[in-house]
Amino acid sequence: MQKLRLTTPLLILLSILLGMFAVYNYKFTDKIYPNTFVGETNLGGLKIDEAGILLTNRIVVPKKLVLTDGTQFFEIKTKDIDLSYNFSDSAIRAYYLARTGNIFFDWIKRVDLLRNTTFIGLTTKLNEEKLTKILSVIAGQDYIEPIPPSVKIVNGKVNVFKGKAGTEIDQQKLRAEIGRSLAYSSEEQISIPIKKVDISLDDQEAETVKALVQKFVGKKITINFESNKFVLTDADLLKFINLKGGFYDEVIYSKTISISDKINRNPQNPKFDFNGGKVTEFLPALDGIAVNTEETKDKIIASFNLLVTSDQSETSFDLPVKRTPPDVTTENVNNLGIKELIGHGISTYYHSIPSRVYNVALATSRIDGTLVAPGETFSFNDTLGDVSAFTGYQQAYIISGGKTILGDGGGVCQVSTTLFRAILNAGLPIIERAAHAYKVGYYEQNSSPGLDATVYGPSPDFKFINNTQNYILIEAKADSKHYSLVFDIYGTSDGRVASITKPVVSNIVPALPTIYQDDPTLPLGVVKQIDFAATGAKVSFNYSVKRAGEVIFEKTFVSNYRPWAAVYLRGTKI
196 MQKLRLTTPL
206 LILLSILLGM
216 FAVYNYKFTD
226 KIYPNTFVGE
236 TNLGGLKIDE
246 AGILLTNRIV
256 VPKKLVLTDG
266 TQFFEIKTKD
276 IDLSYNFSDS
286 AIRAYYLART
296 GNIFFDWIKR
306 VDLLRNTTFI
316 GLTTKLNEEK
326 LTKILSVIAG
336 QDYIEPIPPS
346 VKIVNGKVNV
356 FKGKAGTEID
366 QQKLRAEIGR
376 SLAYSSEEQI
386 SIPIKKVDIS
396 LDDQEAETVK
406 ALVQKFVGKK
416 ITINFESNKF
426 VLTDADLLKF
436 INLKGGFYDE
446 VIYSKTISIS
456 DKINRNPQNP
466 KFDFNGGKVT
476 EFLPALDGIA
486 VNTEETKDKI
496 IASFNLLVTS
506 DQSETSFDLP
516 VKRTPPDVTT
526 ENVNNLGIKE
536 LIGHGISTYY
546 HSIPSRVYNV
556 ALATSRIDGT
566 LVAPGETFSF
576 NDTLGDVSAF
586 TGYQQAYIIS
596 GGKTILGDGG
606 GVCQVSTTLF
616 RAILNAGLPI
626 IERAAHAYKV
636 GYYEQNSSPG
646 LDATVYGPSP
656 DFKFINNTQN
666 YILIEAKADS
676 KHYSLVFDIY
686 GTSDGRVASI
696 TKPVVSNIVP
706 ALPTIYQDDP
716 TLPLGVVKQI
726 DFAATGAKVS
736 FNYSVKRAGE
746 VIFEKTFVSN
756 YRPWAAVYLR
766 GTKI
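Heads up: the sequence shown runs through residues 196 to 769, numbered per the numbering used here.
To be clear, the hints were calculated from the coordinates, so they are not data collected in a lab.
Quick caveat: nothing in here was measured; it's all calculated off a predicted structure.
Derived lysine-lysine pairs resembling BS3-like cross-links, with alpha carbons at most 27 Å apart:
#	residue 1	residue 2
1	K424	K450
2	K415	K450
3	K410	K434
4	K517	K494
5	K390	K439
6	K415	K352
7	K368	K328
8	K410	K347
9	K226	K320
10	K328	K391
11	K368	K390
12	K391	K439
13	K405	K415
14	K439	K494
15	K676	K466
16	K741	K697
17	K274	K368
18	K658	K750
19	K424	K517
20	K359	K391
21	K359	K439
22	K434	K450
Take these sequences, add in the hints, and give me the full structure.
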C-alpha cells in the first residue's frame, strides 16, 4: 500500500513530462528546433523554406578576408576565390539538427536545445585551387627554410653541422580558421598559425653521428663483376646514412640502379667470320645480365655494418646478378676451339698527342682478329708488319738513340704493352719481352711500373707461345675518345690460373738534370719541352701459372729503367 502511494506521483510526473515532449515534438514536426543558429541568425521555429529565405535576406557575403602574422597583413578578396553561400543547404542542415535517427541522442539534443544555443556554420562553396595558390604566395612570406644537418669529412676529420630550425605556416590550421570565418560570415582578422620546422640534430644526436662517421672514415666497399670494379668511398657511404638514424634506402637503391645501368645487357649470340687467315668479325656469346638491385642494396648495407663494427679498412662482394644464356654458344660457330675468354688486358693513354692516338688505333686494328695456332709462337713485330709513313703511321714521340724524338709509329708500344698484360692474365709462356729505356708515364696510368713491353722492328720484339690444345684469338679495341685500350684473349680454358706478384721497385736513381738546347727554328723566347724527367729504377715481379694447384711454369720479369732528363728547346730565331 505504501509502495502504491509513492509510485502514483512518479507516474503522474512522468506522464506530464511525456505529454510535454509530445507537444514539443508535435509543435516542431516540420520546423527547426529552438535555439538553432546558422551563423548569427536564429532559425528556431522556422520551416526549411522560411529559414532559407531569412538567411538569403540577412546574410551578406564578406568582401574580403584579412590574415595577419603579427607583422604583416594579407587581404584575400572573396570574389578571387569564387566564394558563395548555399542558404537552402544551410537551412536543411539546421532542420536535421536533433534528427539524426538515433532516438536516444536526438532526445538528449532536443532537451538541450530548450535551454542552450547551438551554432551551425553556413554551407560555403569556393574554388579550392584558387585559394591554394593565394595561400602558397602568403606562405612564402612566412617561410624560413630549415637548414638540414650535414657532415663533412675533411682530411680525415669529421665535422658535424647540427642544422638550423625554420618556420612555416600551419596550412591545416589556417584552412580550418578560414573555413570557420567564412562559415560565420565574419570579417574579423585571422591570425596566421606559424609552426616550427626543426630537422636539426640535438647535442646527443650530433655526437652519435660523429662517432658513427668516424668508424668508416678512410674505408671503402668494392663491388666486383667480371673486370668491373665499383668502389664506394667514405664520401659515398656518408650519403647513404640518415643522420637521424638508419639509412636512406632510396639513395642506396639509386646507386644500385646506376651500377645496373652499366652492367645489364641482353643475351648476345656469337659471330665468327674468317677471311684471309684472320678473323674479320668476332662477337663472343654473352650471357644476358640483370643486376639484382634489392640484393645489392642489402649487401651494401651489410658491408657498411661490417666496416663500422670492425677494424677492416675495406671489404668487397661480388655483384649479385641473374644470367640468361644466349641461344647459341661461341663454340657452335667455329671448330677452332674459340670458346671463352681466357685473358684480359687494359691500359689508358691520357694526354697523348693526336698522332699518337691515331697510331694506337691503327696498330690495334692490325693485331685485332689474329689467330694463333696450337704450339705456334706469336711475334708482335711479324704480325704488325712494317711501321712507317708508307703503311699509314704518323709521327709521334718514340725512344731512339737515347732520346725521345718524333718518329713514325709513336704509340705502337701502347699496343704491345696492353697485349703483354693480356697474355700474363691468360697464363701463356712469354719468351721475349723488353722494357722501355726509361719509365714512361703512359704505362703507369692505373698500373704499377714494370708492366710495359717495348717493340721496334725487327728487335726488340714481344713473343709468346700458344701452348694450349686449341687456337687462340686476339681481340683488341682502341677507344680513341676515352684513351683506353683493351685486349681480350679467347680460346678454351684448360684450367690454368695465372698470377703475378706486386712489382717491387728498387735501386731508385734521381732523374738527370734538366737540359736546355738552343733551337734556331723556334722564335726567340719560346721554350718547348720535348722530353720528360724520369727516375731510374729496377722493377721486378714474379709470374706464376698453375693448374690444379701445380705450377706449370713460372718466370721473373726484371726491368732496368735508366734515369732520364727533361729536355727543353730554347728558341733563338729572331
